[in-house]
Amino acid sequence: MGPPRPTGAHPPRPSRTRLYRVLYAVTAPLVPLLRRFAPDLVVTSEAFGRAMIAVATPGTEVPGHILRPADINRLGGAPTRKN
Numbered sequence: 204m205g206p207p208r209p210t211g212a213h214p215p216r217p218s219r220t221r222l223y224r225v226l227y228a229v230t231a232p233l234v235p236l237l238r239r240f241a242p243d244l245v246v247t248s249e250a251f252g253r254a255m256i257a258v259a260t261p262g263t264e265v266p267g268h269i270l271r272p273a274d275i276n277r278l279g280g281a282p283t284r285k286n
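With my numbering applied, the sequence shown has no gaps in its numbers, which climb one by one up to 286 at the end.
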């Protein structure tokens, strides 16, 4: 299986890299809007980590070779859009 490729990962705490802190500050107002209107596009680092553990756990059903953000959120226990 290949590595997961999140569309947008948002960290729970500030980065030590100045450029990232600036980018997070500029894009921070958009994150709640994206979470509300497109929850399948936002992946937190916590959900990403839980999804990595779930994929490594035997018996976990993985949807394919490439995990989309919605798959990562489902495996990581984060809320996703109801289809």
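No lab work stands behind these hints: they were computed from the structure.
These numbers were taken from a predicted model, which means no experiment stands behind them.
The beta-carbon is built from N, C-alpha and C at its ideal position, and this holds for glycine as well.
Hints should not be assumed to be uniformly reliable.
Stated by the list, open to error - DEER-style ranges, computed between Cβ atoms:
| id | residue 1 | residue 2 | range |
| --- | --- | --- | --- |
| 1 | I256 | V225 | 26 to 34 Å |
| 2 | P266 | A228 | 28 to 36 Å |
| 3 | A231 | E264 | 14 to 22 Å |
| 4 | A241 | V265 | 35 to 43 Å |
| 5 | A259 | R238 | 24 to 32 Å |
| 6 | G262 | L233 | 24 to 32 Å |
| 7 | L233 | G280 | 19 to 27 Å |
Okay, the hints, checked on the actual structure:
1. A C-beta distance of roughly 31 Å is found between I256 and V225, which places it inside the suggested range of 26 to 34 Å.
2. Between P266 and A228 the beta carbons are some 34 Å apart, a value that agrees with the proposed interval 28 to 36 Å.
3. Between A231 and E264 the beta carbon distance is about 34 Å. The supplied range of 14 to 22 Å is therefore violated.
4. The beta-carbon spacing between A241 and V265, approximately 23 Å, falls outside the hinted interval of 35 to 43 Å.
5. Separated by about 26 Å at the C-beta atoms, A259 and R238 satisfy the suggested range of 24 to 32 Å.
6. Taking 24 to 32 Å as the suggested C-beta distance range, the pair G262 and L233 does not conform, at roughly 37 Å.
7. Remark: the range hint 19 to 27 Å for L233 to G280 is upheld by a beta-carbon distance near 23 Å.
Consistency note: the structure conflicts with the earlier hints numbered 3, 4 and 6.
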